[in-house]
Amino acid sequence: MVQMELFRSQEMNLVQLIIPSESAHDTVTYLAQLGLLQFKDLNPDKSPFQRTYANQVKRCGEMARKLRYFKDQTAKAGLTPAARPAMDGDVDLDELEVKLSELESELIEILANTEKLKRTHSELTELHLVLKKAGAFFSSARDNATEAQRRELEGLSGSNEDIDRPLLLEQEMQTEPSKQVRLGYVSGVVPKSKALPFERILFRATRGNMFLKQAPIEEPVIDPASGEKVEKIVFVVFFAGERARLKVTKICEAFGANRYPFPEEGSRQSALQLQVASRLDELQQTLDAGTHHRDNVLTTIGYNLEQWTLLVRREKAVYHTLNMLSIDVTRKCLVAEGWCPVSAKDQIQDALQRAAFDANSQVPTIFQFLHTKEAPPTYFKTNKFTGAFQEIVDAYGVARYQEANPGVFTIVTFPFLFAVMFGDWGHGIILLLASFFLLWNEKKFMSQKLGDIMDMAFGGRYVILLMSIFSIYTGFIYNEFFSVPFRIFGESAYTCRDHPDTHWDQCESATSVGLIKLGDQPYPFGLDPAWHGSRSELPFTNSLKMKMSILLGVTQMNVGIMLSYFNAKFYSNSLNIWYEFVPQILFLGSLFGYLSILIIVKWCTGSQADLYHVMIYMFLSPLDDLGDNQLFWGQGYLQVALLIIAFVAVPWMLLPKPLILKKQHEQKLAGRSYGVLGESDAESVDGDDEHEEFEFGEVFVHQMIHTIEFVLGAVSNTASYLRLWALSLAHAELSAVFYERVLMLSFGYDNILIRFIGIVVFAIATLGVLLVMETLSAFLHALRLHWVEFQNKFYMGDGYKFHPFAFATLSEEDD
Amino acid sequence: MASGFFLTTLYFIFASLVGTFGIKWLYDKAPSFTKLLILLVNTAIICCYLIWVIVWMAQWNPLVVPILKNPNE
Numbered sequence: 000m001v002q003m004e005l006f007r008s009q010e011m012n013l014v015q016l017i018i019p020s021e022s023a024h025d026t027v028t029y030l031a032q033l034g035l036l037q038f039k040d041l042n043p044d045k046s047p048f049q050r051t052y053a054n055q056v057k058r059c060g061e062m063a064r065k066l067r068y069f070k071d072q073t074a075k076a077g078l079t080p081a082a083r084p085a086m087d088g089d090v091d092l093d094e095l096e097v098k099l100s101e102l103e104s105e106l107i108e109i110l111a112n113t114e115k116l117k118r119t120h121s122e123l124t125e126l127h128l129v130l131k132k133a134g135a136f137f138s139s140a141r142d143n144a145t146e147a148q149r150r151e152l153e154g155l156s157g158s159n160e161d162i163d164r165p166l167l168l169e170q171e172m173q174t175e176p177s178k179q180v181r182l183g184y185v186s187g188v189v190p191k192s193k194a195l196p197f198e199r200i201l202f203r204a205t206r207g208n209m210f211l212k213q214a215p216i217e218e219p220v221i222d223p224a225s226g227e228k229v230e231k232i233v234f235v236v237f238f239a240g241e242r243a244r245l246k247v248t249k250i251c252e253a254f255g256a257n258r259y260p261f262p263e264e265g266s267r268q269s270a271l272q273l274q275v276a277s278r279l280d281e282l283q284q285t286l287d288a289g290t291h292h293r294d295n296v297l298t299t300i301g302y303n304l305e306q307w308t309l310l311v312r313r314e315k316a317v318y319h320t321l322n323m324l325s326i327d328v329t330r331k332c333l334v335a336e337g338w339c340p341v342s343a344k345d346q347i348q349d350a351l352q353r354a355a356f357d358a359n360s361q362v363p364t365i366f367q368f369l370h371t372k373e374a375p376p377t378y379f380k381t382n383k384f385t386g387a388f389q390e391i392v393d394a395y396g397v398a399r400y401q402e403a404n405p406g407v408f409t410i411v412t413f414p415f416l417f418a419v420m421f422g423d424w425g426h427g428i429i430l431l432l433a434s435f436f437l438l439w440n441e442k443k444f445m446s447q448k449l450g451d452i453m454d455m456a457f458g459g460r461y462v463i464l465l466m467s468i469f470s471i472y473t474g475f476i477y478n479e480f481f482s483v484p485f486r487i488f489g490e491s492a493y494t495c496r497d498h499p500d501t502h503w504d505q506c507e508s509a510t511s512v513g514l515i516k517l518g519d520q521p522y523p524f525g526l527d528p529a530w531h532g533s534r535s536e537l538p539f540t541n542s543l544k545m546k547m548s549i550l551l552g553v554t555q556m557n558v559g560i561m562l563s564y565f566n567a568k569f570y571s572n573s574l575n576i577w578y579e580f581v582p583q584i585l586f587l588g589s590l591f592g593y594l595s596i597l598i599i600v601k602w603c604t605g606s607q608a609d610l611y612h613v614m615i616y617m618f619l620s621p622l623d624d625l626g627d628n629q630l631f632w633g634q635g636y637l638q639v640a641l642l643i644i645a646f647v648a649v650p651w652m653l654l655p656k657p658l659i660l661k662k663q664h665e666q667k668l669a670g671r672s673y674g675v676l677g678e679s680d681a682e683s684v685d686g687d688d689e690h691e692e693f694e695f696g697e698v699f700v701h702q703m704i705h706t707i708e709f710v711l712g713a714v715s716n717t718a719s720y721l722r723l724w725a726l727s728l729a730h731a732e733l734s735a736v737f738y739e740r741v742l743m744l745s746f747g748y749d750n751i752l753i754r755f756i757g758i759v760v761f762a763i764a765t766l767g768v769l770l771v772m773e774t775l776s777a778f779l780h781a782l783r784l785h786w787v788e789f790q791n792k793f794y795m796g797d798g799y800k801f802h803p804f805a806f807a808t809l810s811e812e813d814d
Numbered sequence: 000m001a002s003g004f005f006l007t008t009l010y011f012i013f014a015s016l017v018g019t020f021g022i023k024w025l026y027d028k029a030p031s032f033t034k035l036l037i038l039l040v041n042t043a044i045i046c047c048y049l050i051w052v053i054v055w056m057a058q059w060n061p062l063v064v065p066i067l068k069n070p071n072e
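Protein chains in written order, with numbering that gives the first Met the number 0: chain A, 0 to 814; chain B, 0 to 72.
FYI, nobody ran anything at the bench for these hints, they're computed from the structure.
Owing to the predicted nature of the structure, the values given are computational and were not obtained by experimental measurement.
Among the clues, some could well be false.
[Said to hold, decoys possible] Once the Cα atoms are required to be at most 27 Å apart in a straight line, the calculated BS3-like pairs of lysine-lysine come out as:
{"hint": "1", "chain 1": "A", "residue 1": "Lys383", "chain 2": "B", "residue 2": "Lys28"}
{"hint": "2", "chain 1": "A", "residue 1": "Lys344", "chain 2": "B", "residue 2": "Lys34"}
{"hint": "3", "chain 1": "B", "residue 1": "Lys34", "chain 2": "A", "residue 2": "Lys380"}
{"hint": "4", "chain 1": "B", "residue 1": "Lys23", "chain 2": "A", "residue 2": "Lys383"}
{"hint": "5", "chain 1": "A", "residue 1": "Lys383", "chain 2": "B", "residue 2": "Lys34"}
{"hint": "6", "chain 1": "B", "residue 1": "Lys28", "chain 2": "A", "residue 2": "Lys442"}
{"hint": "7", "chain 1": "A", "residue 1": "Lys212", "chain 2": "A", "residue 2": "Lys228"}
{"hint": "8", "chain 1": "B", "residue 1": "Lys28", "chain 2": "A", "residue 2": "Lys380"}
{"hint": "9", "chain 1": "A", "residue 1": "Lys568", "chain 2": "B", "residue 2": "Lys34"}
{"hint": "10", "chain 1": "A", "residue 1": "Lys516", "chain 2": "B", "residue 2": "Lys68"}
{"hint": "11", "chain 1": "B", "residue 1": "Lys34", "chain 2": "A", "residue 2": "Lys800"}
Excised from the complex, chain A in its bound form (with noise of 0.2 Å):
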């Protein structure tokens, strides 16, 4: 009997190759290319530096490191790289290492130069600008000086005419031009922001005796030093000394201030200013052509950039995978150890006998089947449907090597159970068309880079769909579109007690006694439109969907627990059936499948009994009479039974177990005794002792832990199992609620602009706290009864997944 995919793991086997050691390289690549085997470590002891292929790993990394500053210099040049299409030839590591290095040394190169111009650059503008605005100061203050000076003189002449003025004052203003003191002066720019404390610093340093003239620079001006643009002023300081100069000079460095020779004479100012004009046109103009030869060089680089970077990566990974290879003593062949699909036993020969013959080996590699008591990673083979489903399942925990997987009910169960705590068709349509959305677009989004979010719902496209179908499905059978009832499937089949022929519209008493059942069909798909809006809908609904997740609970735990049964009988252990399997149906069954029952029964006799009543004293006082509850004939007896079996099934899930591993260990022992000698682990790869203790206490606990566990779940997953109903009435709730009071309320009104605010704030509430916030409560709520309730039952989840060397797989992280 074919096995139905999925059910359980892939059947794997653990490989040995034997490779000689020049077509190691070229066998690991094509088995990376075909993807479909897991190497193991060989040598876990060894440090990364003692391995063989240390050095070609460490070159592929300098090569990469290399691959990046080059990506880094094009984003920060503003080119964007365009890929010419790879040239076919295999480029060979080792051309293209020198060739990487050259290229670096070169880019190296120009950047250092076109720094360098830049700051010779930005340092000639600074200049430039001082030369203009000093000069400006300069013949400014020596027109005022000329000025003064010539009133000064006139001011003298004048004076010269008075016989009474004293002798001395004559004299000292003869000598004064003699006793002229020569001033210095410093020229530069300095940064706006550090102007005032500039200004201060000096005033105090000198002791006041220096005179500042600044004058801003309008457009903010390249730092030689920083390369950005900052605002500056430029300033020239007198002082008088040769103590004041050295004092200026050093609180000229210690603010960053520029300092730029200032020439007095003004003829040679304007020769000065020539000059510097034409040297900065040069610079300019070299400045141009060396980010012009640069963006070349990177344009060059770009288009073989991303087909360089894959061929690195893929190297690198190659050369790891090597270090992993043991190597053999005579040191001319490679032994490799691995786990691979048994359907892949011909693919994988296939790659070997190309590698060996692409390498011009005289040796074929050597490939047999291992026999080991390691467990084998878990394998399923999924496609894009059902991988995002298996994927949820992985998330909680990866399946045991061939143990049943739930993922496989998990396909329909969970958006199953996502719609019926969503159930709204309206609703339902427009995740139907969001799922349309991403699937028809699957292939641009697949080749894209989308945001987390939008990652996580394309990856989940399929699961969207399946939940919007579900939704519609049960939408329909809730009667709710936005919350609206509709007559889809026929009128109603209540009327008016009064006169039963005719709409209840009129009707008298169906406000006080409320309508009554027309014949013996109820409606025939779904609920009621009678029923919305209507004052006992909450007790009529609530009371439905309490008892429809009861039973769709109970229905999910029994499935969960067949499957343990059929796990037990997959590893063929009949002490599961018989003490683990058929207790808990037999506990489950009398409790819970009895409430069910009587549900049902219930329904289906419109008796008025009280189950909650029924289901308490059937464990409180089991032998009284029913009374007004009774449900059917001999539910007395009947009860009496099942607590009996209820109680029973405890210590036959607790006791029996243990005690019979107990007794098969002894007997084990005992057949093993003289034995022990003649015993050799001839087959096992992995020379672990097995250790073969049994510690009974350590296995009583267990499974007592185990029995609590279940017996108490019983009633706690069931109880779980209600939030079903409880997220099914918050979304109809809501959905009323925004549909009666905000677009009801605002089309009470005449005016079409409250009726426009209206549609609106109602699309936006549905949007965002219906369409968004339910969708992820109801998926979070699904999930968990999956994972907690549903695998609870049977589910191991220990294992490990799959993780094959493969090309696609490699991500961007391993550089």
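Dock chain B against chain A, hints included.
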């Protein structure tokens, strides 16, 4: 008795048969995959039938009836 009940149950059984045999005869993939698909289709049909039948039975002999709201409320 309840003819609507039997008729609809028949519809569901019919859908299940159509699904199962349709997949078996028309779908051209590996037998293990068709087995999976048949299981999925039948699980879906059983789930859908379950809620339909639950809602149907709950309304068959109801203990409360709709009491309409006053239009002036």
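Does the structure break any of the earlier hints, and which numbers would those be?
none
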